[in-house]
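Chemist: Quick mapping for you: the protein sequence lines, in order, are chains A and B.
For what it's worth, our numbering labels the leading residue of the first sequence as 1, then goes sequentially.
For what it's worth, our numbering labels the leading residue of the second sequence as 1001, then goes sequentially.
If you are wondering where the hints come from, they were derived from the structure by calculation, not from laboratory data.
Every value quoted in this text rests on a predicted model; they were computed, and no experiment measured them.
Just so it is clear, CB atoms sit at the ideal spot from N, CA and C, and this is done for glycine as well.
Each hint should be verified, as a subset may be incorrect.
[What the hints assert, rightly or not] Simulated coverage check for chain B against chain A, where a stretch passes if three residues somewhere in it have a Cβ under 8 Å from a Cβ of chain A:
#: 1; stretch: 1076–1089
#: 2; stretch: 1186–1198
[Unchecked claim] A few chain A positions that, by computed beta-carbon distances, are all more than 12 Å from chain B:
#: 3; residue: E26
#: 4; residue: G40
#: 5; residue: G52
#: 6; residue: E98
#: 7; residue: N99
#: 8; residue: L121
#: 9; residue: A177
#: 10; residue: R200
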Amino acid sequence: MSVILQTSDLWRTFGGVAAVAGVDFELREGELRCLIGANGAGKSTFFKMLTGQLKPTSGRITLYGKDITRLPSFAIARMGVGIKTQVPNLFNGLSVHENLMVAARFGMSAREAADAVDAMLERIQMASQARLPVGSLAHGHRQWVELGMILINDPRLVLLDEPAAGMTAGEVERTIALLEGMRGKRSFIIVEHDMHFIRRIAERVTVFHRGRVLVEDTMDEVVRNTEVRDAYLGSAGTKRAAT
Amino acid sequence: MRELFRPAFWASAIAALVLIMGIPMVSEVYTLYNLTVFAVLAMLALSLGLVWGIGGILALGQSAFFGIGAYVYALLSVNLGDSTLAVPAAMAAPLVVAVLVGYFTFFGRISDVYFAVISLTIPLILLSLINSASGPAYQFGKAHLGGYNGIPAVPPLNMPFDPSAVLSFEGMYYVAAMALLAVYLILRVLVASRFGRVVQAVRENELRAELLGYDARYYKLGVFCIGAAIAGLAGAFYAAWGASVGPTVFSLAFTAQAVVWVLFGGLGTLLGPIVGCFLVQGLSTWLGSVSRVSPEIALGLLFIVAVLLVPNGIVPSIRDRIRSRLARVHGGRP
Chain A
1 MSVILQTSDL WRTFGGVAAV AGVDFELREG ELRCLIGANG AGKSTFFKML TGQLKPTSGR
61 ITLYGKDITR LPSFAIARMG VGIKTQVPNL FNGLSVHENL MVAARFGMSA REAADAVDAM
121 LERIQMASQA RLPVGSLAHG HRQWVELGMI LINDPRLVLL DEPAAGMTAG EVERTIALLE
181 GMRGKRSFII VEHDMHFIRR IAERVTVFHR GRVLVEDTMD EVVRNTEVRD AYLGSAGTKR
241 AAT
Chain B
1001 MRELFRPAFW ASAIAALVLI MGIPMVSEVY TLYNLTVFAV LAMLALSLGL VWGIGGILAL
1061 GQSAFFGIGA YVYALLSVNL GDSTLAVPAA MAAPLVVAVL VGYFTFFGRI SDVYFAVISL
1121 TIPLILLSLI NSASGPAYQF GKAHLGGYNG IPAVPPLNMP FDPSAVLSFE GMYYVAAMAL
1181 LAVYLILRVL VASRFGRVVQ AVRENELRAE LLGYDARYYK LGVFCIGAAI AGLAGAFYAA
1241 WGASVGPTVF SLAFTAQAVV WVLFGGLGTL LGPIVGCFLV QGLSTWLGSV SRVSPEIALG
1301 LLFIVAVLLV PNGIVPSIRD RIRSRLARVH GGRP
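Looking at chain A on its own, in the form it has when it is part of the complex:
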């Protein structure tokens, strides 16, 4: 499978402190990659640079062979990239239906969008809440609405920052099922802290530590890696990941 996303010697510094320090990264077509690391490891900064929310201090990002290093978020999204941020980013004053409609209308006619919204409401099991303002929803449901908004335009590459954060165990299972259903059909980069979630979905895992890529391997190999254990998981984390 061909490489669709690549970063070369990517740096981002804040007042002399390097949050991301020379990261080389590759994602292949159809791959589902998880990014893990302790707080402050640089994964969210890396994610924000991939999505155009932050501009790198130096280095290069290419997507489908095109240099996107300095492109704004909307231009990256237009290349078929679905982006979910760490904190649910929704149109709080609008209803669930309207949120999905705004997302769908980016690439569809009004009639196509209406059908797509109805289908997505069923898919995320929120048809009964369609007319509620998203500002009144619980955190887990807000996460689902955002996932629906991202997936409704059928993106080729999906970038998710902590998609399971704040969800109940049942909601996490539904999220896993949703992602499993799309495995191989789209490419994913998922930043996540929930080791149970990662263990269930990850093919390959990239471990960030102090702004650099510490290890890049399968989940089994990552939890066995002593460097990772020392830097991030610890013995308790190893036990948690193994269960």
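Chain A is fixed; fit chain B onto it per the hints.
Modeler: Below, chain B alone, put in the same frame as chain A:
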């Protein structure tokens, strides 16, 4: 376009039309004279309601576009002796200014608060400029800017390309009221369109809109320019109605008035600014005729009461009350 197929849209349009046509039959000349200027000012309120309430752009200096429209109309109509080209020019001039201001602020990623301050400085700069623009150096053809005295003897509206067919006093009322209705209905369609939905989405969360692929800057610029053109049209009618225009249209008091109308009527709605303008101006005019009551004190007290009782504005408060009553009647289904 779906808005055009809604019965409620046409029902409200017909009701407003009947009201507009019926008022001259029961009103005195003085009332009609006041209603004409209220309709003109309501267009300014509507333009601010669109830009601020729908677009989320706090354009504190919206009256600058109104003033530019008024001055452009006055200069052209005095020189041409015909209002036909002066009215579209009065819309085009603020539009051009809005494109320039909007381009440098929205594309320069100026934050909302700074934008509000920048927009407020525009009428104040124009006020200072116009106040000092007196004397022969500021003559444009037959028209003098006139400094703080403004431009007198501005021609009224006339039938297109027929300067001899000047609109009567009643005709001016119909033009102003129908223009207000037309602008309101067009904006309702616009707000319900894809453009309008995205504008509201940008207002709610600019980052999310951009992460979906929308370039928020163009949508903000678009709604800002539409608002400027509407304010310019209102300015032209204002100059035609009053037969003069002065620099007070750029004053802080005039700018603040538009903000009050929108807040009083209800931010985030199109009807609210119109209702707010008519109520506040109507009350202000009535209080002015009652010699024993100070209009400023009475209006100040009214605003305090309004903020306490209907903090979201009159129209949203009434709408929410009707909705909750309907929800009770239909067993929880609004």
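Chemist: Next, verify each hint and record whether it holds.
Modeler: Hints, verified against the model:
no. : hint      : verdict
1   : 1076–1089 : violated (count 0)
2   : 1186–1198 : holds (count 3)
3   : E26       : holds (23 Å)
4   : G40       : holds (22 Å)
5   : G52       : violated (8 Å)
6   : E98       : violated (7 Å)
7   : N99       : violated (8 Å)
8   : L121      : holds (17 Å)
9   : A177      : holds (24 Å)
10  : R200      : holds (26 Å)
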